[in-house]
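Student: Line order of the protein sequences matches chains Z and E. Residue numbering for the first sequence follows our numbering, starting at 533 and increasing by one per position. Residue numbering for the second sequence follows our numbering, starting at 23 and increasing by one per position.
None of these hints come from the bench; they were simulated from the model. These figures come from a predicted structure and were not determined experimentally. Don't be surprised by glycine CBs; every beta carbon is placed ideally from N, CA and C. Among the hints, erroneous ones may be present.
A few chain Z residues that face chain E, going by a derived Cβ cut-off under 10 Å, partial list only [said to hold, decoys possible]: (1) Ser-656; (2) Arg-658; (3) Val-865; (4) Arg-920; (5) Leu-930; (6) Ser-937; (7) Glu-947; (8) Asn-950; (9) Val-962.
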Amino acid sequence: MTTAGVRVGVDVGGTFTDLVAWDGAGQMSTLKVPTTPDNPAGGVLAGLAAVARVAGPCASLAHGTTLVTNAIVERRVGVVGLVTTRGFRDVLEIGRMNRPHLYRLDLPAKPEPLVPRRLRAEVSERIGPDGSVLAALELAELPDIIRHFRSEGVESVAICLLHAYANPAHEQALRLALAPHFPFVSVSSEINAEFREYERTSTTVLNAAVMPLAARYLDDLVARLASGERAVPIHLLHSAGGMMSVEAARARPLTMAMSGPAAGVAAAAHLSRTLGLPRALAFDMGGTTTDVCLVADGVPETARQRKLGDYPVRLPAVAVESIGAGGGSVAWVETTGGLKVGPRSAGAAPGPACYGLGGHEPTVSDADLILGYLNPERIYGGSIRLDRARAEAALDPLRRRFGLSLLDAAHAVVEVANANMQRALRLVSVQRGYDLREFTLIAYGGAGPVHAGALARDAGISRIVVPAHSGAFSALGCLVSPLRYDAVQTSRMQRRPPLRRPELRARDRRGRGEPRRAADGVRAAPSPALRLRDRRERRVHQPPGDRAARPRRRHAAGPRQLESRVARRHAPRLLPRDRRHHDAALRARLAGDRPNDSRTSAGRGRVVDDARPSGPALPRGSARQSVDRGRRVNEVDP
Amino acid sequence: MNLHPATLEVVRNALYAIAEEMSVIVTRSARSPLLKEAGDLSSALTDAEGRLIAQGRDIPIHLGVMGFTVKEFLKRVPRERLREGDVWFLNLPEVGGNHLPDVKAVRPVFVGGRLVAFAINLAHWADIGGAVPGSYVPSATECYQEGLRIAPIPLFAADGPQRDAIDLVLANLRGRDEREGDMFAQFAANDVAARRLQELFAHHGGDTIGACFERLHAESETQMRAAIRALPDGVWEGEDWVDDDGVDDRPIRIHVRVEIAGDQARFDFTGTAPQTRGPVNTTYYIACSAVYYAMKALIAPDVPPNDGCYRPLHVHVPPGTVLSADPDRPVVGGNHETSQRVVDAIIKALAPVLPDRVIAGGPTTSGVLIFGARQPDGRWAILYEVHGGGEGATAAKDGASAVRVHMSNVMNTPIEVIEGEYPIMVEEQALRLGSGGDGAHRGGLGFRRAYRILAPELTLTSMLDRRVVPPYGLAGGRDGAPFRITLNPGPRERVIRGKETVQLAANDLVVIETCGGGGYGPPAERPVDLTARDRAEDYRG
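Only chain E is shown next, with the shape it has when bound in the complex (with noise of 0.2 Å):
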C-alpha cells in the first residue's frame, strides 16, 4: 500500500501520544507511591501478533521484556477466547515476565469485531505476597516463596470487574486497598488507550493503520540493520560476574559471545553460570531486553525501539543457566542484578570494536535496601530504597558521580521524607573521596548513606551487587571501589552482604557506601586541568 509521507508521521505521533498517556493515567490514578512517586511502570502498544509498535518514555527493563509478554499470552490463551473489553492480568516470569511484582496488563483491542492490536502496561506492585513484606527474599529458594503467581486471567471484562477473581488476587498480597486501587489504575490505562487505538482506525481506516504499522518496524529495521553494518565483521567475547546468589557464596559468571555479520548480530550465552538455589535467575525475555538495551546504547540510539528494531539482533541461550532457570526458580533479583551484568559482559566484548562509545563498568545493580518496621498500631512501614554509585568512565570523559546506570532510572527517596516518614535518622550524605577507578578519564564517585535506626525492632534486606565484584576499568583505567555495608562501624562492626536479611536493634548504625565507576584509559595520560581539579575539589579525598 502506497502511505502518503504525512499520514505515518501522524500515525506514528498518535501511537506514541497513547502510550505515553496510558502512563500518565497510571502515574495519576494509582495508590501507592512506588507508581505515583518513583515512576516505576512503563507502556506499550502492540500489533494483533504482539508485537511492539510504540512505546511509553519509560524503564528500559520493562520496555525490552513487554516486546514477548503479548506473544507467549497468545500461546497460553486462544485468540477465540479473547473479547472486547477483556484485561488480562499475568506475572508468571515464564509467560513472557521478569519476576512476580512486576505485574502486566493486557487488553485485547478489536475493530469491527477484528482484532487489531494490544495496549499493555506493566506496574510494579509494591507487594505481591510471599514471606516478607515488600516480597524481596534474599534466602528464597524457589519461585513459590517469592509471592502469588498470575497466570493470565481476565480480571476485567466487558461486563466489569470480576469481582470473584480479583479477590483471589487481593487476599494473596499485602496491603489490598492500595494494591486495588493500582490495579484499577491499569485497567483504566488500557480502557483509554483501546478507545483511543479505535478511534485511530476509524479516522484513518484498518489497511492504512495496519500499513502504517509494517512500515514502523521496517524503518527501525532499516535503521538498525544499517548500525550493524557500521561495525566491523568478527567474533568478541566478553564476561562479568554476579557476586552471589544469596543462598550460595560464589561468583556466577555471565558470559557472551558476540558476532558480528552484515547487517545482523548474534549473542550466544554458551558459558554462562548454570541456575542458582538463590534469587538471582532470569529469564530469556530479560536476557533479551539486556541485548536490547545494550545495542540501543552503544549504536542506534535515536533508533525507534520497536520489534522491527530488533529483528537483527539474534540471543541465544542453552537451557537450564541463571538466563533461563526451570519456572519453579526464584527471580526477584535476577530482574535488575543479572540483567545489568548482561549488558556489563556484552559491553566488556564490544570495547575493543567500539572504544570510542563503552563506557566503563559503574553500578549496574539497583542497590536496593528494604528497611521494615512494625509500627505501634501492628501496621508496617517499608522504605525500599534504591542506591546508585560513580558512573564509568568513557574515552571522552569522567563518569558522573551517585548516579543510575544503564537498565535501571528510579530517583532515590530524598532524606526529609525519610526522616519524616519512617522511624530512620540520616546521619549523613557524602561523596565517598577517591572510589571513582583511576584513568586517563576517572569513573564517578559512590556515595556514603548513614541511617541510624530509631525504631526498637527493624528487619533490614538488602538486593545488591558489585560488593564483591567491583565495577572494572577499561583501556587502562583502573576498577572503582566496591559497595560495602557496615553495621555499628567500630571495633565490634559487622560487614552486611548483598543479598540478606538483618534484624536491627534501636539506635543500630548502617552505613552504607556505594561503588565507584571504573576509569577509563591509563592513569599516567590523565590531563593535568582534570588533576588539578580533583585536587581543588577534593574528589580523591
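With the rest of the complex left out, here is chain Z (with noise of 0.2 Å):
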C-alpha cells in the first residue's frame, strides 16, 4: 500500500462540503467549499481539485452525504410500486395505529402513505412463521401488475411479503419476474430480514424510493473519477457510522440516510478508541441543534429503528439523542414570565445578533460572546467577525425584563440552554443504563466546546475531550471509519426440542444454497475493479490469528450461518427455562479496514464471534455480535 497521493475525506452538508486530507506521514489539511444541490458529485470534484492543489492527489475517497435523507425530508424520492401479500396491501396505511402525539387534534395522527393505495398491489401467496410455504406464488398475476404499475410509471418497486425473513423464496421469484421491467427493486428480506411486517414494509418502500436518486449520484461520481488518470477508491459513510463499498449504497441507499450525524459519532468513537476511553459522549452542538450520542469501548451505541420525516425505519443508525437547541437557538419570555431558549432557532441566516447578517433575536451564540466565551478578535467561518455591541442589544430587553445585569442575563441564557442539553445526556445514558460520572465528553460542532465545561461539571463528569480540527470534525469521521456492515436475522427459537445440530447443520446448509449474498449485501459486481474490491473487504472481514483455522467459515458470513452460529453457541444460555417460544434477533456486525487503508491505526480488522444478550456489560473490542431477546408469548400460569 504505497500509492502516491493522500487520502480524502468529504463530509457534504447542506451548505457546505467539508474535506480532510491526510498524507500518511502524519500531514493534514482541511477545506471547505460550498455545497452544489444541483450537480452534487460536481461539488465533490471541485473540492478534490482544491485538495489537489493544497495537498496532492486524491489516492482514496471517504464520503459521508446528506442527499439521502433531503431528498425524503423534500419527498424528491422516485415513483413506487409496492407488492404484497394478498390480503394485506393496506399493512402500510395501517401500521402500528399509536399517534406521535397525545393533545395536538389539529395535527395530523399518522403520515400520509408512502405508496398511494393504488400502487399497493397484492399476490396470491403465503408463509408461516417458520419459514413453511402454505400457498405457492401465483407468477401468472404478474403481468397485470406489471403493466399497471408501467402505466402509472412506477420506476422502483418495492417487496414485502410476510413472513419473508422466515423464507425469502417469494420475494426472490418475484425479485426475478419484475427485475427485466423496472430499473430498481427493493427486497424486503434483503433489507430487514426481521419480523414486525410494518416497520420492514416502510424501510424496503423507503430505500425503494431513493434508488433511482441515489444510483444516478454514484454511477456520476464513480464515471467522473474513473476518467481521471487513475481509479480512485470511494466508500461511502453509513447510518450507524461505518464504511461500506459502492455496489452496498447503491442497492441500500437507504443505510445513508443517518450519515451526517453519524461522521462526527464516527470521529468521537475513533477518538475514544485512539485515547483508550472506555465510556465517552460525542456532543455535537451546532446552530440549531444538540446531537448527543453514547460511545462505548471505541464502538457508537447504535439503535435499531429510527423516524425519518414521520416513518420508521428498521436498520441500525447511531443512537444519537437530537435536542432544539444550539448556538443560534432564540431566548424569549413565555407569558407567565418564565426564561425559555429554543427550540427555534435563528439558523445561519439571520443568525445570531452578533453575526451582524440582520439578526435582532438574542440568542445563545450571543450570550456566549457577552460572557466571554467567544472571541470578538477571531474570524469565525472563514468571514464573521462577531459584534458585541449587537449581541449587547438584543439582550438588552431581557436584561430590563428581569432586573438583571448584562452578564447576569446572558448568564441565564446560558444557563437555561445548558439545562436542556442536561436532559439529552441524562437520557442518552440512563436509557442504557450507565452512569453520567463514568464518562469522558468529546465536544464538536461550532458550540460544543464553549458548553462542555459547565455541562460536564452539572453532570459530574470530570473528563473533556475538545478535538483539533472540530471544526471539520464530521470530515476526519469519514476518513477514519472503519468498513463495516450490520446484518439481522430474526430467528424463532424452539426451547423443547432443543436446537440439535443435525438440525443447525441443516440450516447451515439451506444457507449456503441460498444466492450467495454476504452480510453486507454485497453482490459479485461484473466490472473486474469491483469484484475485486469485494473480494478485498471479504479478506478483512477474517480475524487475523483465525484465518488458517477456518477460512472459509468466516467470509460466508450470510444470515443463516450466522443464525445457527450464535444459536448454537447461546440458545441454551439465552432461553429461560419456563419459555417455550422465543424470538431472538440475531444481530452481527462485521468490521475491518477499508482495502487501501492499513496505514491507519483505527479499528485494526476483526470479527469478534463472540456474542451475547444485549445489555450495560458490553464485551470489549471494535466489533461485536449481539442477542437480543425480543418479544414473547405472554404466558400466565394456570
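Two chains, two frames, a set of hints: combine them into the complex.
Tutor: Structure, rendered in C-alpha cells:
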C-alpha cells in the first residue's frame, strides 16, 4: 500500500462540503467548499481538485452525504410500486395505530402512506412464521401488475411479503420476474430480515424510493472519478458510523440516511479508541440542534429503529439523541414570565445578532459572546467577525425584563440552554443503564466546546476532550471510519425440543445454497475493479489469527450462517427455562479496514465471534455480535 | 421568594428528566411485554401534599388519575407512618384509582427528615387475579370478581423488600415470576427518582425548590385561565352513550353540562346514568382525568400539565352514577370505555363554541379482544390486542384511518408476532372501505382483521364499545360505521357482542371490522380534489 497521494474524507452538508486530506506521514489539511445541490457530484469533484492543489492527488475517497436524507425530507423521491401478500396491501397505511402526539387534534395523526393505495398490489402466496410455504406464489398474476405499474410511471418496486424474513424464496422469485421491467427493485428480506411487517415494509419502500436518486449520483461520481488519470477507490459512510462499498450503497441507499450525524460520531469513536476511553459521549452542538451519542469501548451506540420524516426505518443507525438547542437558539420570555431558550433558532441566516447579518433576537451565541466565551477578535466561518454591541442590544430587553445586569442576563440564557442539554445527556446514558460520571465528554460542532465545561461540571463528568480540527470533524469521521456491515436475522427458537446439531447443520446448508449474498449485501459485481474490491473487503473480515484455522466459514457469513452459529452457542443460555417460544434477533457486525487503508491505526479489522445478550456490560473490542431478546409469548401460569 | 429566571427552568428540566427516567427504568427492567413492548405505564412527581408537579411523556388516562392518587393515599395513610425508603403499593379504585390492573407504587421522599415530595408510577399488570386470565371479566357484577384489591401497603421499606406482604400479593395473581419482576421494576424506578430528588434539593436548597414548585403550579394555572377566558361565557350541554355494560343490554347515558364563566369552567355530570351491574363503571378520578384531557386537547395543548393547570376546572359528579360507582362495583372496562365517552360528551357540548378545534367521533374505545389458549403443557398463551379505527374529521382535514384517539395510545401487535407466538393465523388485514362518515371532510376508515383459530380450544373475550352507538358526525357530517365482530361469516355466522366471552374451536374465523370516524360538515361541500382522491384510491369502496 504505497500508493502516492492523500486519503480524503468528504462530508457533504447542506451548505458546506468539508474535506480532510491525510498524507500518511502525519500531515493533515482541511478545506471547505460550497455544496452544490443541483450537481452534487460536481461539488465533490471541485473539492477534490482544491485538495489536489493543496495536498496532492487523491488516492482514496471516503464520503458522507445528506443527499438521501434531504431527498426524503423534501419528498424528491421516485415513484414506488409495492407488492404484498394477498390480503395485506393496506398494512402500510394501517401501521401500528399509535399517534405521535397526545393532545394535538390539529396535527395529522399519521403521515400520508408512502405508497398510495392504487400503487399497492397484492399477489397470491403465503408463508408461515416458520418459513413453510402455506400457499404457492402465483406468478401468473404478475403481468397485470407490471402493466398497471408501468402505466402509472413506477420506476422502483418494493416487495414485502409476510414472514419473508423466515423464507425469502417468494420474494426472490418476484424479484427475478420484476427486474427485467423496472430499473430498481428493493426486497424486504434483503433490507431488513426481521419480523414486524409494518416497519419492514416502510423500510423497504423508503429504500426503493431513494434508489433512483442514489444510483444516479453514485454512477455520476464513479464515472467522473474513473475518467481521471487513475481510478480512485470510493467508500460511503452509512448511518451506523461505518464505511461501505459503492455497490452496497447502490443496493441499500437508505443506509446512508443518517450519515450526517454518524460522521461526527464516528470521529468521536475514533478518538475514544485512540485515547483508550471506555465510556465517551459525543457532544455535537451546532447552530440549531445538539446531538448526543454514547460511545462505549470505542463503538458508537446504535439504535435498531429510527424515524425518518414520520416513517419508521428499521436499520442500524447511531443512537443520536437530538434536542432543539444550539448556538442559534433564541431566548424568549413566556407569557407567564419564564425564561425559555429554543427550540426556535435563528439558524445560519439571519443567525445570531452578533453575526451582524440582520438578526436582532437574543441567542445563545450572543450570550456566549457577552460572557467572553467567544473571541470577538477571531474570524468565524471564514468571514464573520462577532459584534458585541449587537449582542448587547439583542439581550437588552431580557436584561430589563428581569432587572438583571447584562452579565447576569447572559448567564441566565446560557444556564437555561445548558439545562435543556443536560436532559439529553442524562436520557442518553440512563436509557442504556450507564452512570454519567464515568464518561468523557467529546465536544465538537460550532458551539460544543464552549458549553462542554459547564455541562460536564453539572453532570459530574470529570474529563472533556476537545478535538483539533473540530470544525471539520465530520469529514475526519469519514476518513477514520472502519468498514462495517450490519446484518440482522429474526430466528424463532424453541426450547423443547432444543436446537440439535443435525438441524443446525441443515440450516447451514440451506444458507449456503441460497443465492450467494454476504452479510454486507455486496453482490459479485460485473466490473473487474469492483469484484476485486469485494474480494478484498471480504478478506479483511477475517480475524487475522484465525484465517488458517477456519478459512471459508468467516467470509461466508450470510444471515443463515450467523443464525446457526449464534444459536448453537447461546440458545441454551438465552432461553429461560419456563419459556417455550422465543424470538431472537440475531445481529452481526463485521468490521475491518478499508482495502487501502492499512496505514491507519483505526479499528484494526477483526470479527469477534462472541455473542452475548445485549445489556449494559458490552464486550470490549471494535466489533461485536449481539443477540437480544425479542417478544415472547405472554404466558400465564394455570 | 425571588427566583432567578434561570433557576426555574433548570429545576423544571431536572424534574421532567426524573419523571422520564422513571418510565425508562420500568421499561428496561420490567418482565411483562405489556410494559416492555407496549409501554402501558406512566410516571410522575408530586409535592408533599400530593399535588402533581411533573410527569413523563406517558398515557393521558393514567396521568390524570395520578394527580389524585397521592392526595387520596394521604387521607388513608397518616404522614407519621411514612418512612424514608418506603414504597407503598395500591390499586383500589376508590383511592385515587381507576381499575385493578393499574397498580400504583408511591414513594415518599425525605430530605433532612422532612417529607418534601412523592415519586409515583403506575404500571398495567398483565394479570391481577380474578375470574379469567388477563383479569378482564365482561360478566363481572362485583369488583371482587375482577381480581386482587390492594389497599395501600408498603411492599418495600428501608430494610429491603417486605417478603411476607409481597408473597401475599403474588399468591393471588397468575404469572408470579413476571409480576414480581414488574413490581421490583416499579420499586427501582421510585428508588432512583427519590435519590435524584434528594440531589436536586441538596444542590438548590429546599426553599428554592419549594418556590419552584409553587411557580410551576402558578404558571400552568395562569395559562389555563387565560385559555378559558378566551372562550365566550355560557352554558352548553352534550351527551353520548356507552353501548351496554356487558350484563344488561341497554345504552348508558353520559351527560355533561359545561359552564364557562370568566377564567373558570365547571363540568356537571348530573343526568348521567346510574351505576351499572356490569364492568363499565368508573371513578370520579377518571371523570376528572377525561375532563382534563379534553380541555387540554381543545384549548391548551401546550400548557405543562400539573396540579395548577387543572385548578380552574371544576368537576361535579352526583353520587351513584356510572362515573361515581360504589367501591364494590366492577370497573375494569370503565377505565378506557366510559372515560372516552366522557371526552365525547364534552366535545359535543363545546362543538358550537369551538367549531375549528373540535373533532368528530372516532374509535373512543380500546377495542380490546383477548385470546386465551391453554397450551399442551398447561400454560396459558394470552394475546391482549387493541383495535383502533377511523379518526373523526375536523373543519380542516379528513380523519386518519386506523388510529388510536384521545386518551389511549397503545400500539397494535404485528401480524408476524401474532402468528409466531399464538395459535392464531391472521388471514386478512385491510382498510374497511366506505366506513368513514361522509362530510365536507370525511371520517377516517376503520379496518378489518380476520383471525383464524388454530388451537383446539380458545377463549375469546371482547371489551369494546362503539359497536351499537356509532361515532358521531359534526356540523352536518355523517356518522361513521360502528364496530362489527362476526364469528364464521356466511350462512351460519354469529355476531359477537362488544363485552362477551366466547368459547372457540379450531378453524373458527373471527372477523373484526372497526369503526370509521364521523364526518365534518355537509357532504355536498366536499372539495373536488378530495372526492377525486377517494375515487382514485377507492377509499369509499
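Student: Hint by hint, say whether it matches the structure.
Tutor: Evaluation of the provided hints:
no. : hint    : verdict
1   : Ser-656 : 13 Å, violated
2   : Arg-658 : 9 Å, holds
3   : Val-865 : 8 Å, holds
4   : Arg-920 : 21 Å, violated
5   : Leu-930 : 8 Å, holds
6   : Ser-937 : 12 Å, violated
7   : Glu-947 : 4 Å, holds
8   : Asn-950 : 8 Å, holds
9   : Val-962 : 5 Å, holds
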